[in-house]
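Novice: Given the structure of chain A, go ahead and fit chain B onto it with the hints provided.
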Amino acid sequence: MTEDSQRNFRSVYYEKVGFRGVEEKKSLEILLKDDRLDIEKLCTFSQRFPLPSMYRALVWKVLLGILPPHHESHAQVMMYRKEQYSDVLHALRVVRFVSDATPQVEVYLRMYQLESGKLPRSPSFPREPEDEVFLAIAKAMEEMVEDSVDCYWIIRCFVNQLNSKYRDSLPQLPKAFEQYLNLEDSRLLSHLKTCSAVSKLPYDLWFKRCFAGCLPESSLQRVWDKVVSGSCKILVFVAVEILLTFKIKVMALNSAEKITKFLENIPQDSSDAIVSKAIDLWHKHCGTPVHSA
Amino acid sequence: MAQQANIGDLLSMLDSPVLSVRDDVTAVFKENLTSDRGPVLVNTLVDYYLETSSQPVLHILTTLQEPHDKHLLDKMNEYVGKAASRLSTLSLLGHVIRLQPSWKHKLSQAPLLPSLLKCLKTDTDVLVLTTGVLVLITMLPMIPQSGKQHLHDFFDIFGRLSSWCLKKPGHVTEVYLVHLHASVYALFHRLYGMYPCNFVSFLRSHYSMKENLETFEEVVKPMMEHVRIHPELVTGSKDHELDPRRWRRLETHDVVIECAKISLDPTEASYEDGYSVSHQISARFPHRSADVTASPHVDTQNSYGSATSTPHSISRLTLSNTPGQLPQTLSSPPTRLLTEPPQATLWSPSMVCGMTTPPTSPGNVPPDLSHPYSKVFGTTGGKGTPLGTPATSPPPAPLCHSDEYVHISLPQATTTPAKKEERTDSARPWLHRQHHLPNDRGPEELPGSKGSVTLSDLPGFLGDLASEEDSIEKDKEEAAISKELSEITTADAELLVPRGGFDSPFYRDSLPGCPRKTHSAASGPQGTSANPEPLNSSLDKLGPDTPKQAFTPIDLPCGGSEEGPVGNRGRQASLETSILTPSPCKIPPPRGAGFGSGQPPPYDHLFEVALPKTAHHFVSKKTEELLKKAKGNAEEDSWPSTSPVEVLDRLIQQGADAHSKELNKLSLPSKSVDWTHFGGSPPSDEIRTLRNQLLLLHNQLLYERFKRQQHAVRNRRLLRKVIKAAALEEHNAAMKDQLKLQEKDIQIWKVSLQKEQARYSQLQEQRDTVVTQLHSQIRQLQHDREEFYNQSQELQTKLEDCRNMIAELRLELKKASSKVCHTELLLSQVSQKLSNSESVQQQMEFLNRQLLVLGEVNELYLEQLQNKHSDTTKEVEMMKAAYRKELEKNRSHVLQQNQRLDTSQKRILELESHLAKKDHLLLEQKKYLEDVKLQARGQLQAAESRYEAQKRITQAFELEILDLYGRLEKDGLLKKLEEEKTEAAEAAEERPDCCNDGCSDSVIGHNEEASGHNGETKPPRPGSTRGSSGSRGGGGSSSSSELSTPEKPPNQRAGPFSSRWETAVGEPSTSIPTTVGSLPSSKSFLGMKARELFRNKSESQCDEDSMTISSLSETLKTELGKDSGVEAKTPLNLDGPYPSPPNPDSVGQLHIMDYNETHHEHS
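So the sequences go chain by chain: A and B. Each residue of the first sequence is one higher than the one before, starting from 1 at the first, in our numbering. Each residue of the second sequence is one higher than the one before, starting from 1 at the first, in our numbering.
Be aware that a few hints might be false.
Claimed, not checked - Just a few of them, taken from the derived set where beta-carbon distance is under 7 Å, the chain A residues facing chain B: (1) Leu64; (2) Pro68; (3) His70; (4) Gln84; (5) Ala91.
No lab work stands behind these hints, which were simulated from the structure alone. Cβ coordinates follow ideal geometry from the N, Cα and C atoms, glycine included.
Isolated chain A (complex conformation) (with noise of 0.2 Å):
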């Protein structure tokens, strides 16, 4: 109460006449003032607003816990976290992983591999689908996240929290995206029923890899504000938003292959557009999170 006190007393009809994200930034920068970081707090606030890009890499070290909650500690974690960075890297070049040539992103995975024990004997080992899916999400975090240890620790909590939190809510999205989809609109359900095409829609595109490599970052980093800050059913919503936006495209299409192929390659310019009415669904469908202070 004390730091709402000290917000615009108005910011609560800010959003009523549809001016968003007014007194977002500053209440944020409250909420990042206080010294221990409530995270609850700072969970709810990134469910309900999208975060400034300046926080948005703070915001998120610190949901994903690779920041303690503590100021004073930060900066001290973060070394180690950067030394851990340098060994691991340091150790997979002289295993000779990864030499100056090779991608970044595959430093990564490398490093990721190295982290979780399961580096392959050798680099030319094929990859698995995981794999696959961190390099997408890393590819993806790469353009968001500016530094490069920074990035290391995203992705790798990242993808640690969609293995670990989850991993039982994960496979059930795709029920939910038929159920919304149902709610929504019926007649596109049963047009892609009648295609067969339900069940070849790239839900590993959309769930597994939440949408990296669909969506171009800029619009993808809101979505992933609401993963990182511990919902995945934004995700349900992004697809189902995808597929209202694009009706009149799937609905001229017959075929599940062609669907698919389409919904994998969907147009970039309208994807702004998406992830807000997305969002505008969740907050319909889940209810907007409330603070729970």
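Specialist: Chain B in isolation, oriented as in the chain A frame:
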């Protein structure tokens, strides 16, 4: 050309006697005309007609339709220009026009009209002129708006022809002139009727010239006598007359009737505008006409007139018959009057008889009357009176005056015979009057105007007079011949006898037989079969007649004019009888029909006979031979008053008479008499004249027929009006009946109303009585009621008294009972008191006894007391003093105690506040610690992850190494094993070099683990540079300790250990406790804190005994110190860095709880 020939054939076929062929050919022609628009066919037809005057062709031409009218008119125009074909063309034009074709309006624009006018202006042939004028007159109502352009042409023509009549240029036969005159007269009427203002102004300008004056006097002036003033002369103007708008709403027949209206000529005039109008128009005989309309006698007369086309003779006949007929007619009218509304007979007498030509009927009387009138008054005032009358149009004069007038006029006018007639004469009017009286007319008028005769009344008298004159004439005739007045049939004979005197014996002889024979028996056959014979007879008669003409000019016409009627008279008689007594004697109509259309030749012949006489009329008139016979004079005198039409009529009449006579004569000997019988072949000149006359007559006839048709059209309209009026009348009557019925109803209602009122009043009375009765009853009842009321009141007062008494009694009862209760209570109380007092008494007794005993005891004690009273006072005093001192002492003590208590209480409060402070601080500290713990945990986690990473790295390295080893083993030989070992050592050396900063320790640790597998790895470890020192000590003592502290940075750890092991000198006793706090690294936050804590502890260890309140750090320190101290002492006598380091968790186990416990211990 083939077509031309074909047409020629067809034309010839047109005249074929076979009817079907003729029809077919006609159809073909019509078809051709509808299909072909060219002028060729029409031209051919016109040519053919002019050549042959074929009837079918005429029929086709007259029914030509629109597109061909132009060709027809052009063609006719062409022929009119030629003198030879002019006459026939004009007659054709007349035929065409009379049928009123749909394109008649085009005539005004057609070039034919100007050429016709031109022809009329220039031509000298009377035939052509007459025909042309008639055509023009026929055409004028059809194209009234054309007057604007050709008006002056019309007037010029009129002027020319009127002078023509007088001047007679060339060798024009008089007979022709009669025709011409008639047509000019018609033209005069037409022009005056249609364009009065213009025409009058023309007359004024034209006849103001001296050379024309004579014409005016002779020709035009008489004509003017037959017209009244046209209303347009008053209201209209020259321009207005020519305004097309004026004519637009008038149809052709309207125009004709308009013209007829202004005519005073009975033959022309129209009566249709109503009763009064008819009076005005027939101004000469207004009264007469009124009489006529009123009297059934004239009614019948009119009907006769309409039945035949020779009104003159008929009227005469009927009039001559009137005396005889009167009884009959008088007997018949009442019935008719009863059945028919008077107006109907008034308006259209023709309706009664069902005849179709009514307009001529009114005209029957006047000519007839004028004739005898002139005969009678001719010499005296006959001429004057009629001239004066037409202008005025007075209301009908009362009948009663006729008598007086007769009295006045008869002496004035007639000679002795007239006087003689006076008696009968006076009887006639009386008859009329008697007839009128029942009609409710006479009585009213009788007193009104009996006294004097005004000038305005004159015409009325004249009319009356005329009728009387008729009768006078007849009377005269009757007197002269015989006294068989009552016989109707003999009337003819009576008339014939005196005529015979006038006529030549030739005629006289034939007359008696003629009329009866012809009409009663053989008039029909005569009309059809005697066609050629009359001609012969007439021609035959001409021979002897013509010379006579010159010598006895007067006689003949008189005879002729009288003969005509005579001839018809018989027919009339038969007709009369046929109508009056409905016998099936239907002979006259056929005769009439034949007379009108089928028998032009007889007319021709008759004209021939009459011609000299009419010519003689003109001559005699000019020469003013007033010395002729009365009849002749009359004719001459009456010239101005008789219209040319009448003259023509008379001419025809004469002709007819002559013809019939001729016929009779011829019929007597045999039919095979030829011309030679009458004196050889007739002169060609005569034949031509006759033909021409025939033509003229035909034209006239056609013109008259046309007029008749117009009248018929008019009539139909009037008939409609009449029917409507009748219907309205009926309706009116019905309404009246209804009204009467309703009035009756009203009466009935009134009666019933009165009845109802009476009943109502009766009921009222009854009611009143009942009401009064009831009122009295009510009063009685009220009285009763009052009585009852009083009684009840009395009873009620009684009742109340009783009640009061009861209440009082009850009250008393209550009081009594309460008293009883009270007494009972008192009784019980008393009894209780009694028992009480008894017990009290007993006690009292007991107490008294005790008192006694005690009194004794008291006395005893008193005695004792008195004995021991002296030594106790001193002692008491001493004791008192002692007591006081003791009390004071105790008091000061209490004070002291209180003070002490206060201080201690204060102290307690102080301490309590202190405690609270401490508690608060403690809480803060706890919080802080929690925070710190969290922080540390975060860092720890980071470090852990780092460690994990390191572990992974080493694993990777190991894997790599193993891999390499595996390769080496595969490759290597046993001998070279040693070398390879050294190489491996080198390689191992290289590695630490690579990561010498921070990895060495852990690597070593791992190496140790790895060495578990193969002991050969140990040798390189001692060879390691820096980390070996730490690991050496730790490694020997307990590997577990080393293993449990992997996260500590090697530098820090190495520092304390080395100082601990190698040199205890560098760091004195103080260093030992710090080593105890070796748990966190110096770099980390926790470590710094810990160090701080331990430092404080060491300080506090110095003044351990002092009982100062310890801070958090102090307590921590003490606890740690104790723990360490206890544990250190027991196993190794060392300060005890080991117990705490073994598990890094101990840092996390620095519980606040522990602190609390220790704190308690300390306190």
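Novice: Confirm or reject each hint.
Specialist: Hint check:
Nearest Cβ of chain B to the Cβ of Leu64 (chain A): about 12 Å, over the 7 Å cut. The hint is violated. The interface hint given for Pro68 (chain A) is met, as the beta carbon of that residue sits about 3 Å from the closest beta carbon of chain B, less than 7 Å. Evaluation of the His70 (chain A) hint against chain B yields a held restraint, the C-beta minimum of about 5 Å falling below 7 Å. Among the interface hints, the one on Gln84 (chain A) holds; its C-beta lies about 5 Å from the nearest C-beta in chain B, closer than the 7 Å criterion.
The beta carbon of Ala91 (chain A) is positioned within 7 Å of a beta carbon in chain B (closest approach about 4 Å), and the interface hint is therefore held.
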